[in-house]
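Colleague: As given, the protein sequences belong to chains R and G, one line each in that order.
Here the working numbering is used: the first residue of the first sequence is 1, the next is one more, and so on.
Here the working numbering is used: the first residue of the second sequence is 1, the next is one more, and so on.
Calculated from the structure, these hints are not laboratory results.
Each residue gets a CB set at the ideal place from its N, CA and C atoms; glycine is no exception.
It is possible that part of the hints are untrue.
The calculated DSBU-like cross-link candidates involving lysine-lysine, where the alpha carbons are at most 30 Å apart (straight line), are [stated by the list, open to error]: (1) G/Lys-402 / G/Lys-392; (2) G/Lys-80 / R/Lys-50; (3) R/Lys-406 / G/Lys-63; (4) R/Lys-63 / G/Lys-392.
Output of the computed footprint for chain G on chain R, the stretches with three or more beta carbons under 8 Å from beta carbons of chain G [as the list claims (entries may be wrong)]: (5) 99-107; (6) 150-161; (7) 200-209; (8) 235-243.
There are 2 protein chains.
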Amino acid sequence: MTLTREDFIALDDQDVLAPFADEFHIPDGLIYFDGNSLGMMPKAAMARAKEVIEQEWGTDLIKSWNKAGWFNLVEKLGDKMATLIGANKGEVIYADSTGLNVYKLVAAALEIRPERKVIVMEGSNFPTDNYMVQGLIKQLGRGHEIRFAEDGEILDAITDDVAVVCITHVHYKTGHLHDMKKITAKTQEVGALSVWDLCHSAGALAVDLNGSNVDFAVGCTYKYLNGGPGSQSFMFVAKRNQGKAVQPLTGWWGHAAPFGFERDYRPREDIRQFSTGTEPVVSLAMSEVGLDIFLRADMNEIRKKSLKLCDLFIQLIEERLGGYGFDIVTPKEHDRRGSQVSFSSENGFAIMQALIAADVVGDFRAPDIMRFGFTPLYVSYVNVWDAVDRLKNIMDQGSWDKPEFKTQGSVT
Amino acid sequence: MTLTREDFIALDDQDVLAPFADEFHIPDGLIYFDGNSLGMMPKAAMARAKEVIEQEWGTDLIKSWNKAGWFNLVEKLGDKMATLIGANKGEVIYADSTGLNVYKLVAAALEIRPERKVIVMEGSNFPTDNYMVQGLIKQLGRGHEIRFAEDGEILDAITDDVAVVCITHVHYKTGHLHDMKKITAKTQEVGALSVWDLCHSAGALAVDLNGSNVDFAVGCTYKYLNGGPGSQSFMFVAKRNQGKAVQPLTGWWGHAAPFGFERDYRPREDIRQFSTGTEPVVSLAMSEVGLDIFLRADMNEIRKKSLKLCDLFIQLIEERLGGYGFDIVTPKEHDRRGSQVSFSSENGFAIMQALIAADVVGDFRAPDIMRFGFTPLYVSYVNVWDAVDRLKNIMDQGSWDKPEFKTQGSVT
Numbered sequence: 001m002t003l004t005r006e007d008f009i010a011l012d013d014q015d016v017l018a019p020f021a022d023e024f025h026i027p028d029g030l031i032y033f034d035g036n037s038l039g040m041m042p043k044a045a046m047a048r049a050k051e052v053i054e055q056e057w058g059t060d061l062i063k064s065w066n067k068a069g070w071f072n073l074v075e076k077l078g079d080k081m082a083t084l085i086g087a088n089k090g091e092v093i094y095a096d097s098t099g100l101n102v103y104k105l106v107a108a109a110l111e112i113r114p115e116r117k118v119i120v121m122e123g124s125n126f127p128t129d130n131y132m133v134q135g136l137i138k139q140l141g142r143g144h145e146i147r148f149a150e151d152g153e154i155l156d157a158i159t160d161d162v163a164v165v166c167i168t169h170v171h172y173k174t175g176h177l178h179d180m181k182k183i184t185a186k187t188q189e190v191g192a193l194s195v196w197d198l199c200h201s202a203g204a205l206a207v208d209l210n211g212s213n214v215d216f217a218v219g220c221t222y223k224y225l226n227g228g229p230g231s232q233s234f235m236f237v238a239k240r241n242q243g244k245a246v247q248p249l250t251g252w253w254g255h256a257a258p259f260g261f262e263r264d265y266r267p268r269e270d271i272r273q274f275s276t277g278t279e280p281v282v283s284l285a286m287s288e289v290g291l292d293i294f295l296r297a298d299m300n301e302i303r304k305k306s307l308k309l310c311d312l313f314i315q316l317i318e319e320r321l322g323g324y325g326f327d328i329v330t331p332k333e334h335d336r337r338g339s340q341v342s343f344s345s346e347n348g349f350a351i352m353q354a355l356i357a358a359d360v361v362g363d364f365r366a367p368d369i370m371r372f373g374f375t376p377l378y379v380s381y382v383n384v385w386d387a388v389d390r391l392k393n394i395m396d397q398g399s400w401d402k403p404e405f406k407t408q409g410s411v412t
Numbered sequence: 001m002t003l004t005r006e007d008f009i010a011l012d013d014q015d016v017l018a019p020f021a022d023e024f025h026i027p028d029g030l031i032y033f034d035g036n037s038l039g040m041m042p043k044a045a046m047a048r049a050k051e052v053i054e055q056e057w058g059t060d061l062i063k064s065w066n067k068a069g070w071f072n073l074v075e076k077l078g079d080k081m082a083t084l085i086g087a088n089k090g091e092v093i094y095a096d097s098t099g100l101n102v103y104k105l106v107a108a109a110l111e112i113r114p115e116r117k118v119i120v121m122e123g124s125n126f127p128t129d130n131y132m133v134q135g136l137i138k139q140l141g142r143g144h145e146i147r148f149a150e151d152g153e154i155l156d157a158i159t160d161d162v163a164v165v166c167i168t169h170v171h172y173k174t175g176h177l178h179d180m181k182k183i184t185a186k187t188q189e190v191g192a193l194s195v196w197d198l199c200h201s202a203g204a205l206a207v208d209l210n211g212s213n214v215d216f217a218v219g220c221t222y223k224y225l226n227g228g229p230g231s232q233s234f235m236f237v238a239k240r241n242q243g244k245a246v247q248p249l250t251g252w253w254g255h256a257a258p259f260g261f262e263r264d265y266r267p268r269e270d271i272r273q274f275s276t277g278t279e280p281v282v283s284l285a286m287s288e289v290g291l292d293i294f295l296r297a298d299m300n301e302i303r304k305k306s307l308k309l310c311d312l313f314i315q316l317i318e319e320r321l322g323g324y325g326f327d328i329v330t331p332k333e334h335d336r337r338g339s340q341v342s343f344s345s346e347n348g349f350a351i352m353q354a355l356i357a358a359d360v361v362g363d364f365r366a367p368d369i370m371r372f373g374f375t376p377l378y379v380s381y382v383n384v385w386d387a388v389d390r391l392k393n394i395m396d397q398g399s400w401d402k403p404e405f406k407t408q409g410s411v412t
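Assemble the whole structure, with the sequences as input and the hints as a guide.
Modeller: Rendered as structure tokens:
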């Protein structure tokens with residue numbers, strides 16, 4: 001039986017997560033399938049920012065490092081994040097950006113396995129992880145190499161000369177999901193260490209780091225977790241790996257006695273050693289608002305709705321837009337995909353621009369990928385119907401084929 | 001003739017910088033001599049934050065990377081900063097934290113001088129610079145060493161085996177000011193490269209990087225420049241050094257084609273190579289407000305007032321508190337000091353806590369330093385009188401000698 005808009009309204013009526021949409025500022029008429037790039041603004045974010053700026057900075061000034069807990073915020077937020085990704089307290093800390101944290105974690109892992117020279121990475125991954133590791137091994141100059149493997153080739157690439165396997169859990173472009181447990185098990189079977197990048201999985205699906213015996217992980221807070229533009233990244237270091245290696249970006253925030261102002265670096269032996277220096281506090285503090293919303297939601301319900309939104313989106317595109325050359329690149333199997341759906345399309349760039357002009361925001365990734373992210377806390381079922389409907393209009397009328405839709409940039 | 005409070009009121013009446021105080025939120029009754037640690041909040045900061053959060057993030061969402069110029073903000077702010085520190089456009093960029101940027105700059109400088117192994121640093125400097133370079137050379141494992149020298153020993157330490165001289169322009173604890181021109185000249189005479197840390201000089205006095213032929217520099221925006229707590233650091237790379245070395249924290253923001261999503265890193269050949277990854281945007285954007293205020297002020301007037309505030313503070317402490325064991329550690333000569341005055345005092349910690357309780361905020365640095373920073377845009381002459389008056393009361397009455405003033409932490 002063919003689906004109708006009413007079916008989607010009915011699904012929204014039954015949706016246990018529907019009330020969460022009220023916690024986000026959703027611009028009138030906007031259908032936003034880009035929360036995998038920049039999450040929407042929680043309504044409470046502004047009030048938190050105002051408190052940090054006017055009260056903590058403006059009025060309490062320097063006292064806020066202690067009184068407002070600025071100095072320990074990186075650990076406090078880390079402990080909250082831990083509950084979302086299957087980690088324990090004291091295993092997660094916020095700091096810097098994803099790239100810098102990949103650098104720290106891979107450097108630490110290589111120090112634990114000094115005799116091995118191979119790092120396994122996915123070549124088609126969002127490239128900053130690769131770039132950072134390329135920078136690291138060039139700098140080390142000790143003959144390390146990256147063994148690039150694509151989806152399906154990774155297990156075979158993990159041989160007993162491998163030091164580190166550094167893979168992104170969900171692929172930024174295709175949305176394919178790796179089997180964390182299986183890859184980590186193979187990694188450890190050959191005596192290597194695992195570094196997982198959770199940028200497209202934390203907040204998108206249930207992540208269980210300790211359940212998979214992961215060694216290190218890194219993630220992003222401004223995508224699915226709605227922390228605000230560019231908000232700090234987080235790192236996970238399993239307790240068993242803490243104190244074993246010193247990550248090399250040894251700033252004063254990771255010193256054993258940061259207020260002793262000693263001349264020489266002495267590392268903390270816990271997760272804080274992975275912190276480097278003073279963090280942009282307003283962005284950091286504000287990111288707690290998005291995180292707190294997640295802590296009140298049921299991650300299993302989020303995953304259930306995410307899969308259903310994606311399934312329906314795929315079904316509608318196939319049913320209603322069959323002849324327009326949208327080829328799905330995201331795996332259809334539930335255990336093989338994250339919370340996004342990507343299609344390749346010859347005119348994908350212009351079509352996406354036309355769709356954005358029609359207030360359906362996805363994004364485009366070169367050379368030909370149209371990418372749609374589904375964030376169950378603020379995306380509704382009827383959004384899916386309406387988005388496909390608007391896309392169908394654009395295709396039926398050929399209205400994407402205009403010069404103004406063909407020239408623009410894009411940002412992750 | 002002994003000074004009176006009326007003399008200070010008269011100085012305020014003549015002060016050409018006095019109107020700038022209106023641009024800052026100054027809590028009632030507070031005398032704030034800690035702008036060298038965390039600058040005060042410009043009144044316009046909140047409006048800018050609101051715009052970034054509610055409009056750019058909340059409403060425009062992902063479009064803001066282009067529309068609001070988020071991606072290029074690091075360069076835009078760098079160009080503004082350039083005018084304040086004697087640099088040219090395209091020589092300054094905002095990124096990350098001071099420590100991370102010291103790491104990048106020293107790593108790049110060492111790559112330009114691969115045959116040399118010595119880095120000259122001031123051992124008593126705020127230690128994060130030392131820590132970062134210690135982390136770097138340990139990681140490189142190529143026999144580099146830090147030659148620590150104190151004030152007065154630095155020129156002699158610069159011999160022809162030196163690769164890099166990395167000195168902080170104004171010392172965080174004593175406030176002593178190094179002769180940038182002389183040290184840089186000696187550095188280059190022996191064929192080494194200079195990396196200057198401007199954390200306590202940018203915004204405190206006229207810095208002329210190109211006038212001193214400096215190679216690299218780094219600085220802080222949340223102290224004298226009132227950018228907000230932990231706001232991003234900036235880096236200077238002289239045009240002649242750009243494209244010569246690749247700093248090793250090679251994230252996608254420094255890639256030649258960041259939106260090409262290529263597998264392998266290709267460095268930009270300009271200042272942007274020193275950028276690593278996505279920046280916390282709210283903190284970054286808000287920091288522009290404090291910077292813009294400086295761009296409207298006359299740095300020579302700021303320096304003139306700063307010196308006078310410090311001179312008067314020293315004079316009053318000596319005249320009115322002579323017997324209380326406050327020994328000045330900041331040089332009295334104008335060309336030898338920054339914009340702070342530090343005294344050593346046996347009971348400095350408790351006295352500073354008592355002073356803070358009396359609404360005069362300075363800070364304490366172990367083991368015995370009471371530190372007072374003077375920020376001419378919002379500190380008045382009568383503040384100096386009143387601060388010393390309150391300190392005199394505390395000392396005359398012995399009211400610092402209480403348990404509640406003896407147990408607390410401190411943060412830079």
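Colleague: Given the hint that G/Lys-80 pairs with R/Lys-50, does the C-alpha gap stay at or below 30 Å?
Modeller: holds (26 Å)
Colleague: Quick one: see if chain G covers the region 99-107 of chain R, three-plus residues with Cβ-Cβ under 8 Å.
Modeller: As far as the region 99-107 of chain R goes, the hint holds, because 4 residues have Cβ atoms under 8 Å from chain G.
Colleague: Using C-beta distances, would you say chain G covers the region 235-243 of chain R, given that this needs three or more residues below 8 Å?
Modeller: violated (count 0)
Colleague: Tell me if chain G covers the region 150-161 of chain R under the three-residue, 8 Å CB rule, please?
Modeller: violated (count 0)
Colleague: Verify the proposed pairing of R/Lys-63 with G/Lys-392, using a straight-line Cα cut of 30 Å.
Modeller: holds (23 Å)
Colleague: Between the alpha carbons of G/Lys-402 and G/Lys-392, is the straight-line distance 30 Å or under?
Modeller: Since the Cα atoms of G/Lys-402 and G/Lys-392 sit roughly 16 Å apart, the hinted pair holds (cutoff 30 Å).
Colleague: Can you take a look at whether the region 200-209 of chain R is actually covered by chain G? Rule is 3+ residues, C-beta closer than 8 Å.
Modeller: Our answer is that it is violated, as 0 residues pass the Cβ test (under 8 Å) against chain G, missing three.
Colleague: Is R/Lys-406 within 30 Å of G/Lys-63, Cα to Cα?
Modeller: holds (16 Å)
In the structure shown, a violation is registered for the earlier hints numbered 6, 7 and 8, in ascending order.
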